[in-house]
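Chains H and B supply the protein sequences, listed in that same order.
Per the working numbering, numbering of the first sequence is gapless, rising by one per residue and ending at 517.
Per the working numbering, numbering of the second sequence is gapless, rising by one per residue and ending at 517.
Keep in mind the hints are simulated off the structure, nothing from the lab.
Since this is a predicted model, take the numbers as computed values, not measurements.
Please note that the accuracy of each hint is not assured.
If several chains are the same, the list does not tell them apart, and a pair holds so long as it fits within one copy or across any two.
Listed below are the simulated BS3-like cross-link pairs for lysine-lysine, each with C-alpha atoms no more than 30 Å apart in a straight line [said to hold, decoys possible]: (1) K277 - K512; (2) K512 - K308; (3) K468 - K259; (4) K308 - K259; (5) K168 - K468; (6) K277 - K133; (7) K142 - K199; (8) K212 - K133; (9) K168 - K259; (10) K430 - K259; (11) K277 - K200; (12) K133 - K259; (13) K199 - K259; (14) K430 - K440; (15) K200 - K259; (16) K512 - K199; (17) K277 - K168; (18) K142 - K259; (19) K199 - K133; (20) K212 - K200; (21) K212 - K430; (22) K277 - K440; (23) K468 - K512; (24) K142 - K200; (25) K308 - K168; (26) K212 - K142; (27) K468 - K200.
One letter stands for each residue in the lines below.
Protein chains: 2
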Amino acid sequence: MEYIFSDKLSNLKASAIREILKVTNDPSVISFAAGSPAPNAFPVEDIKRFLCDIMDNEPITALQYSITEGYPPLREAVKKRMQTQHNYVPEKDDIVITTGGQQSVELACKIFLNEGDIAVCESPSFVGSLNSAKSYNAKLVGIELDEEGIRADILEKTLEENRNVKLMYLIPNFHNPTGKCMSLERRKKVYELAQRYNVLIIEDNPYGDLRFDGEDIPTIKSMDTDGRVIYCSSFSKIVAPGLRVGFTSTAPEITAKMVACKQASDVHTTMLSQMICARFLTECDMDAHLTRLRAIYRQKYQLMADCIEKEFSSKVTFTKPQGGLFIWATVPEGADVLEFCNRAIAEKVAVVPGNAFMTDDTLPTRCFRMNFSTPTDDQIREGCAILGRISKEMFGE
Amino acid sequence: MEYIFSDKLSNLKASAIREILKVTNDPSVISFAAGSPAPNAFPVEDIKRFLCDIMDNEPITALQYSITEGYPPLREAVKKRMQTQHNYVPEKDDIVITTGGQQSVELACKIFLNEGDIAVCESPSFVGSLNSAKSYNAKLVGIELDEEGIRADILEKTLEENRNVKLMYLIPNFHNPTGKCMSLERRKKVYELAQRYNVLIIEDNPYGDLRFDGEDIPTIKSMDTDGRVIYCSSFSKIVAPGLRVGFTSTAPEITAKMVACKQASDVHTTMLSQMICARFLTECDMDAHLTRLRAIYRQKYQLMADCIEKEFSSKVTFTKPQGGLFIWATVPEGADVLEFCNRAIAEKVAVVPGNAFMTDDTLPTRCFRMNFSTPTDDQIREGCAILGRISKEMFGE
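Hey, can you work out the whole structure from these sequences and the hints?
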């Protein structure tokens, strides 16, 4: 038969990154294309110990159906941690555990976006979240970033000119793909604009705990007096992404709708994963763990930054992130970044061309994303040498 | 701020069963209200062995990001098993692994249903799936069942009168909540009507392997020549629901759209869960396991059926399922089934009133659902004695 799919999917395409990641399945390819945490950052021994203990002492809790809101000890542990981070206020907020941070964003889009509503985002932005909004046929308006994050002047103009903006999707900390961190002043300005134009904010913060340089900056959620910020985060970057555990902290009216939709979507998040994360928060020294992770990421970032400095054409510029997983590169004006990426792939090094992160991936960019968390040190050195040589051939010394 | 939620949620309510299940958290309540498998049916030792082995030998595979379609060895094992069950044809179908059978149904609804489209279902039906369709603002039309399943005469009339029916949602095997099994003739007739009116079928089959009496009946999927059946099933009833692993077998054009939406929804299903299910299918004797499960369910069903026979008013009638988890009871005409359920709760026995399974839960019914898989034998005896006494007080001997 001929299939007539829902109208709401009309702007949803398979992600360009997905296609690139297929190439990187070839083990002879050095991949700077992924967005995965460093495998040596996973607390394998802790997780193994928890799993043995769970299966010895609480197997039925791990294997039976549970409630949609989340495993109660995990919700309590997340509340406690989010309270110390000023992202949860007991009198005003509730927490729902989700199947990865992706589901937090997807549920927030589902409960608020009608077809044709506008969602504002940074441009570039994380394509997975853009696709969540696209899968409800929302219109995405991307706003460029400067060194302090999303440009407030363009944001204000956009909100003034479009009165059906429903929400903003923002990654203030170590933004994917640029690695940029939104300044405190900019966060305050963005929140003020959200108030003035009565817009919700999805604040996506998967990388906030991975700061390896500089000082923490308060979240937008911590400034929220109106219940307009839907704070989304995840255990993917601080424990392990394969577990698929994320969470949202926001007003109870919002979590109630998210729970109703989550129940109709996957009933609840995998219990073993939730129980591992609960034990990690309550039985492990999270500060010591994060110190170890930050040291891994700092070393990998510094190595890649040094290799870039040494190998690349001086015509290519790079962001200098203080955390997260990504460096964002810009080739000279008039240069063809897609040709650069294709030549890199031909020489078995994968980076992601910038258009993959745009609201419309047919728009031209001069950028590409490099990930430093997943490759080994040798791969970072070898891959940067190859990319550097190509950059000099294409753009000069 | 005041929240304006998406129009598509306007008919989505928290499930009535959820509210009842909250009462059953009280350990002094005997619950026949759940839809959970028998805890002693979980293969705890196998799962523990798999988890230890996975964490010893493949921890990074278990903890890192993976592909949306599903863990490749699990997809292969499911394909093989579905092929032997005639629910997968290599040349015509593809398999996507989902976060429980619920996600299979939700994704199928998402990719096909526009707001206002009609979805036809059995009435009563599984409220979780009805909510998946409601969460996209589809209009549900429920069709009553007779002893052979959904009534074909009413179905034909409905399809004739409503030309915007997009899909049918059906549970042919050991239907939830009635326990009924659709006859072979009725399945053929339903498929013929789907062809004639060009309607898709979501065939939900979580209970098919739990037949404890009678002969297997071919699935509607096995008759599908057009690629119009979206077959959904799950490991929840044959391994464990807390793992949250389900799957869909259908035409590749359909699985491709489901994968695009799943990627924007939860990226992929928890790896530990997928790896457990893969090993269960490839390393365990599934036939022996299912023989053991069927014996557990046969015994529990027979005990509840015997207690009903002995204790209940003869005015209350019951279905006699050959598999699954549920018995469906009907009180005499003119009797108030809600009063019966409320008196039962007051005496600390929980059953689910039939209206919870209707497309509109404000419609009156004379029915209630009893689950025999979760309670212990003693709870079955004691609970049936209490329900029986109330039934005789309300409806006579």
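Cross-check of the supplied hints:
1. K277 - K512: neither (40 Å within a copy, 72 Å between copies)
2. K512 - K308: Result: close neither inside a copy nor across copies, 41 Å intra and 68 Å inter.
3. K468 - K259: For K468 and K259, neither the intra-copy (36 Å) nor the inter-copy (52 Å) Cα distance is at most 30 Å.
4. K308 - K259: within (25 Å within a copy, 43 Å between copies)
5. K168 - K468: neither (35 Å within a copy, 40 Å between copies)
6. K277 - K133: Within. Shortest intra-copy distance 29 Å satisfies the 30 Å Cα cut-off; inter-copy 38 Å does not.
7. K142 - K199: between (38 Å within a copy, 22 Å between copies)
8. K212 - K133: So K212 and K133 pass the 30 Å test across copies only (23 Å; inside, 38 Å).
9. K168 - K259: Neither: 44 Å inside a chain and 47 Å across chains, both beyond 30 Å.
10. K430 - K259: neither (42 Å within a copy, 63 Å between copies)
11. K277 - K200: Answer is neither; intra-copy 39 Å and inter-copy 57 Å both fail.
12. K133 - K259: both (14 Å within a copy, 27 Å between copies)
13. K199 - K259: The answer is neither: 33 Å in one copy and 38 Å across copies each exceed 30 Å.
14. K430 - K440: Close inside one copy (15 Å), not across copies (77 Å); limit 30 Å.
15. K200 - K259: This pair counts as neither: shortest intra-copy Cα distance 36 Å, inter-copy 42 Å.
16. K512 - K199: neither (51 Å within a copy, 49 Å between copies)
17. K277 - K168: neither (52 Å within a copy, 57 Å between copies)
18. K142 - K259: within (28 Å within a copy, 40 Å between copies)
19. K199 - K133: Between copies only: 26 Å across, 36 Å inside.
20. K212 - K200: within (14 Å within a copy, 51 Å between copies)
21. K212 - K430: Result: close neither inside a copy nor across copies, 51 Å intra and 53 Å inter.
22. K277 - K440: Within. Shortest intra-copy distance 29 Å satisfies the 30 Å Cα cut-off; inter-copy 67 Å does not.
23. K468 - K512: within (17 Å within a copy, 78 Å between copies)
24. K142 - K200: between (40 Å within a copy, 24 Å between copies)
25. K308 - K168: neither (43 Å within a copy, 50 Å between copies)
26. K212 - K142: between (44 Å within a copy, 23 Å between copies)
27. K468 - K200: Neither, since 46 Å and 35 Å both go past 30 Å.
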